[in-house]
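Order-wise, the sequence lines are chains C and G. Using the numbering used here, you'd call the opening residue of the first sequence number 1 and step up by one each time. Using the numbering used here, you'd call the opening residue of the second sequence number 158 and step up by one each time.
To be clear, the hints were calculated from the coordinates, so they are not data collected in a lab. Just so it is clear, CB atoms sit at the ideal spot from N, CA and C, and this is done for glycine as well. Treat the hints loosely; a few may be bogus.
Derived CB-CB ranges, DEER-like [what the hints assert, rightly or not]: (1) G:P407 to C:K3: 42 to 52 Å; (2) G:Y168 to C:A82: 30 to 40 Å; (3) C:H35 to G:Q246: 39 to 49 Å; (4) G:A745 to C:H35: 39 to 49 Å.
Derived pair list, reagent style DSS-like, types lysine-lysine, alpha-carbon separation capped at 30 Å [to be verified]: (5) C:K74 to C:K3; (6) C:K3 to G:K224; (7) G:K266 to G:K440; (8) G:K310 to G:K909; (9) C:K3 to G:K440; (10) G:K310 to G:K340; (11) G:K474 to G:K599; (12) C:K3 to G:K221; (13) G:K266 to G:K221.
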Amino acid sequence: MAKRTLVETVINNEPVELLCEPRQSLLEVLRDELHMTGTKEGCLTGDCGACTILVDGRPVCSCLMLGVEAQGHKLETIEGLATGAELHPLQRKFLEHASLQCGICTPGFLMSAKALLDKIPRPTEAEVRYHLAGNLCRCTGYDKIVRAVLDAARESG
Amino acid sequence: MAVKKEAHHKYRVVGTRPIRPDGIEKVTGRALYGADYYFPGMLFGKILRSPYAHARIKSIKFDKALKLPGVRAIVTADDLPEADRKPQQMGEQQVSPYYLSCNVLARGKVLYDGHPVAAVAATSPHIAEEALRLIEVDYEPLEPVMTADEAMKPGAPILIDDLRNQEEGPDQPTNVATHLQFKRGDLAAGFDAADCVIEREFRTATVHQGYIEPHASVGIWNPDGHATVYTCTQGSFTVRTLATKVLGMPEGNLKVVPSEIGGGFGGKTTIYCEPIALLLAKKTGHPVKVTMSRSEVLRATGPTSGIHERVKIGVTKEGRITAAQVWMAYEAGAFPGSPMAPGAMTVITSYDIPNLLIDGYDVVVNRPKTCAYRAPGATAAAFGVETVLDELAEQIGIDPLDLRIMNGAHEGTQQPFGPVFKRIGFIETCEALKASEHYNSKLTGANRGRGVAAGFWFNAGFQSSASVYVNQDGTASVVTGSVDIGGSRASMAMIAAEVLGLPIDEVRPVVADTDSIGYTDVTAGSRVTFATGMAVYNAAQDVVRQLKERAAKMWECTPDDVEFDNGVLRTRGDVLQPQQLTLKELAARFIRTGGPVVGRASVSTGGAGAGPAFAAICVDVEVDPDTGKVQILRVTIAQDVGTAIHPSYVEGQLQGGTAQGIGWALNEEYVYDSKGVLRNTGLLDYRMPTCLDLPAIETILVEVPNPTHPLGVRGVGEVSIVPPPAAIANAIYRATGVRMRELPMSPPRLMKALQEHRNSREGQAAAGR
Ligand code: FES
Ligand code: FES
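Okay, chain G solo, but in the shape it has when bound (with noise of 0.2 Å):
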């Protein structure tokens, strides 16, 4: 796998690709993911869930179901404080106490197929199931929404009787929760302008994150009103914060435990079965563990939004873009909270245009409320883009990474809602790409063609604690709060070696839960490498601090007297006697000069933007004539990285990107019937790609260090996922001619097309006859 190095490696660790911490217990299957716990007396919790996409409950009845042996308890939203509806700052996002509990357990109305209506706790899981087909529901059907567009128009169902938006007004409900929009420049001026304009309308489906492990958490309840939750989730904090106010209950008194995690890709940043688990094991006073089946997955948790796009975009025949606009609806599902903002934000800032006009609408539909999904709301908003200035590139007959490039963010370039990018790699990424073997060799062969597109995300940064012991063999360990969801560990370990001067398997990296370390936000955004590295690279350089007191102490001089590097102490030889010490002998006199060295840091290193990273990604499709299918015959992916800590996680962010925006551009979506019931709840008719489906991914680290943090990190996990579906519907443009304008491009989509292109040519061509 390539390298382009731009930082020089100045490191010991960093950059080193060691074997990670974590890894033995997890090729043995000894490490313990969300379903692995197992507790004395335990029961097991069942979830019963709405038929109907939109309906009112009249009633619940569940005297039979309590009358089963082995049933212990049941739970619906009655036993829910009524939340506050106001959104409230909780972690890093904006979230409504009470939208947020009427998810967990439905209130009133149910909003989606899937939604949580009551929940069972019994001695069996089968018992538990049969519970639940013993509690009668009375259901009064309402007419589904299901898409925005359906959602937007004068007179559709209201889903949210309360909801309102600034535009409308007060007094006129509506499914439409906000409308942001973003302006520079004179747009109509930019248009005329430009010698070649093109205007395209855009649709995508409703995808899921896919993460192989369902949603699984243990709840256990003490009498005196504290509790535990284990469970799988990228944030620990987080889940802390949102169960709490859920259940009404103080922060402090609930400890979450996160386990190891099977995947989440944003899916995990929210709350589901952990309030459910926590109020059935209050009511039985037993250890409750509730897990969700595959189908319940994509059912009910985050899927990311289906969204409508309309692009406008023109360029002079040089190739200069004169003005974009942009016009996105973004399904949230069943509550306020789709990712149109970060959508918005990003969906054309990799390019410096004069003149722009952005709009995102965030609106209610019937369909489970959506959740992060790698780079929230950015790859649906790309493939528009991506695929227009594709055209517009052929229209004025310049190379597409070219008109990429021209354009490119770079340094200093205003981001559309404001702020101004600092050292980026943009351009460099995109050049990479351009001087890539794969972009240089040839593509030969019938129905075959090559396409790019580029992407970018904007990394989040947020907050995170660190501390780090020194141990009197003169080891160390490292916590976080981060859960390690991708080999974070290794990069943990890493950084703090590096710092102290250790060999890596001196170091362990440890996962703290909610009562043993400070707050940390959510393992999400691209965000641990950066926040948490930083914050573990501040607490390692608080033990170097201490060290050299140590050291001063004993050498009687001063620690600006004492220089650290790689493990030795020493007194700086201009001013002193030379006297040195390592690390571990040192350690070895904790005890005689001050007791165990303890490292604290936490660090806020803002929201988003933290450090930006973009990719620019190659593909060869080759597309069958007689069925539709597309295979990928080679895929190459260039991304600015920034100090790669350790490369082949790196590399292995990339590909895993990668793969799913090919399954998000090919296979996957959700098929809901007429009544707003989702008909592929399962991973053979929801379809992401195996390895049969997938070549190898080529991958092109660019490293352009990120200015604001010490090593230069950006988050690198996110991107990748954004290019591939626009790279791919323009690589089967030039295998077919035909232009894909809605996701998936799936074999009976392509097949539709292909033959209207078939028919119309065969029209144009009887018609010039």
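If we strip away everything but chain C, and leave its shape as in the complex, we get (with noise of 0.2 Å):
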């Protein structure tokens, strides 16, 4: 077996130590060594953005970054989105307008569309469709998607 590196990081405000392999994928790293399964796998080639999480901020295909390079960094993933027992504006406005069916593309969309909302506040629909164009959804046609996102950003806004 591989040697396994001890990676320092920090995960949703939480200081965390890990071992991992050097070819262990951060998606990876997070589902199969954390257990934190919010994050999701779709392609492992960064087609589809089901892993996406915040990385310093940024939003990250978590299967194409290595668990290695999570040293030093600040992640945050969907299991940090709400705040104790409230829920980030876009969960709820994700539940309001019925934007998740199968609900696995949810966590990368929510992790997108926060990123987004930190970025550009009152975002248009076109800025909204622009930068979720790397998360795919196959359920819903992304009508009710772009709608929540807009909705939290009026709300907040």
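Build the complex from these two chains, which are given one at a time in their own frames, with help from the hints.
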């Protein structure tokens, strides 16, 4: 077995020390080592966005990053999006607008949308569609996802 | 979103838009999907797949792989019993256990690029992958047969040695598994009576369901022969039947626990990883998780058929269709069982036509065995018919929606395969689209065009079970065996809440495993809200019946003297002393009146045709004349949805199906090289629509209640995928003057057609000078 490396990182504001093999992707580390399964795998090639997390505030496909590269960075995952018992406005709006059917794409969309609203608090519909184009949803046709993001922006803006 | 209500809404909960009960888990990442299970001592399984489209397996050697540290077991088809060849009814499908088993692990021959050959269990996924590279398979490559046309030619290489069909006889090896025919009237006379007859030929590509969650299963095997599999599937009972057949074990020894499911669209109605995970678990004594990568999903799971289609339709100059003939060959993939039959049963069923001939062929080719995909068979079939209708409308100079309305099927119309329609909403749906703001708006600008098309899907019924438990505090839980793929828990809870007079948040819906609820068919065929909904409705009525009995006992009257309305039990005023009790008050007294109240019901609602649904779509496109890229500017879909239980999730079905139809129309296709190896095995090259490719999707819900359901529910999940390809082709014609008859209408294909069109126009102009 390949030798495991110690990685020190911060996940959802908690300092985390973990051991992983250099060949393990960050997605694999989150899921198989930490059992944080909220981050999903859809392709492993950076094409579907289901594995989107935020690294130092930027949206990243965690399948395209190695676990060891998390060293010294701040990660945000879906498990940290709600604050205590309070949902993030995006989570609330996704529920109110019925923006999920199967829900497998939802964590990735929520993280991408959070990154968008953190950067552009009042995006236009075109901006929302542009920024979420890296996330695939096969169920909804995106209509209700886009509406939820615009509504969340409207509410907090 | 417009809702056109025909049903008078007398409901309290039905028709409202509550938050789905499983929503919180899904927006917080807590919901467990197929790959999200971990068990102590769990091993990871990986599958070795054929690099050839067609080859004989001469030998498989795996001693080296077994010696790799961390490898615990390797299985091949030799570890499976040889299954029965005769097709059997398994759940709602006819399946040959032998073919099913050969698809799970190849026996003797591989029939497509990606066909599973062996599987490894190891302590990590990486070690399992390394082990795959150490397995030596000696193949004798054979000539691949990639299309129905090639496969049907005399002398074509034969895929399955013992495949025969009735027409060719018992001595003739063939690639044609089935020929199906529907006939009505006098075809020749019908065409003679027409003023305008158009005959055209069409081709559609193999496309994938494209669910975002790859297949994943965890198998656990107990030494007493009982086993459990956690798996993402549309049908836990179907998995139980199919997997136990393949593994040769008693059906009752397997418990199937359905995980949350990350999309299916029909593609998760069979088995792939399940028997492999179980076999490896049996061999190792450990839980084994088998997950697929995206490329495995594309190479080896359920695409739907590419088809070759010929359509001939005749109309009078007034617009009456006099005759229609359709010929279709469906590529089944490696084993028989394309959606040819439902294709043939839906292709022209929206119309009332006196003279008909429909021929369908199910043909094996060296591609993955096809699996159901949303309205299986109907989308590809409708592409031809709905395009020819557009041409005919243009030729005789009438509005294309009027042509459809004029010939539309209605209550009393006999379908080509026999049954007569009950109350349906095809004409209402076309009329709603015709009256829409979109259809009546002006479309201006160069290279732009508008197209319409319609579609039909019969929707399935089948079997479902449900239990409703009333708790002592007066709340209730609803247990069904239908996995929730798009919000059906909400509908189940709403139906029970409606009957019991409870607020929606006091009803908890549960999706149970195969040991915890009665048999229930797959979540497919748009059947859950219809059939499982009916079981829930009946189970809730069973509760009401028991509540009345309890109250009658307390009030010393007969149950007939007790009324139940909106959660309150009352004596019928005309007969007795007025008495009343709420459900909650009665629940608190269960302990003294006979114990807990458990409502149960099961239904068998028949096969296809349980609540026929129709959709019609209007789409505006702009074609880039320099690249052939089609941009969808605006799209509106009208659909006959019956009573919409939760309108948001109904709209979601219309929108999702439309988006898939748009992908099918414009981009998606399997690209094979000359050796039959799939070249686009990732989502970069198998290009599904993103939110940047699509506009808002406008929906019109036409609520024509289904007379066969107590709440008027029709299935809503599938028909929306049917009309988009033809509507887009018709829009492209209006934009460019070019008729596209091959899918996908991708930029290179459209560019080529535009070029030929320009050349021929220049040629004509030159000749005219
Ligand atoms: S799994 Fe990372 S982008 Fe698809
Ligand atoms: S909700 Fe199923 S993929 Fe988006």
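Going through the hints against the structure:
no., hint, result
1, G:P407 to C:K3: 42 to 52 Å, "holds (46 Å)"
2, G:Y168 to C:A82: 30 to 40 Å, "holds (33 Å)"
3, C:H35 to G:Q246: 39 to 49 Å, "holds (41 Å)"
4, G:A745 to C:H35: 39 to 49 Å, "holds (41 Å)"
5, C:K74 to C:K3, "holds (24 Å)"
6, C:K3 to G:K224, "holds (20 Å)"
7, G:K266 to G:K440, "holds (24 Å)"
8, G:K310 to G:K909, "holds (28 Å)"
9, C:K3 to G:K440, "holds (28 Å)"
10, G:K310 to G:K340, "holds (25 Å)"
11, G:K474 to G:K599, "holds (27 Å)"
12, C:K3 to G:K221, "holds (23 Å)"
13, G:K266 to G:K221, "holds (23 Å)"
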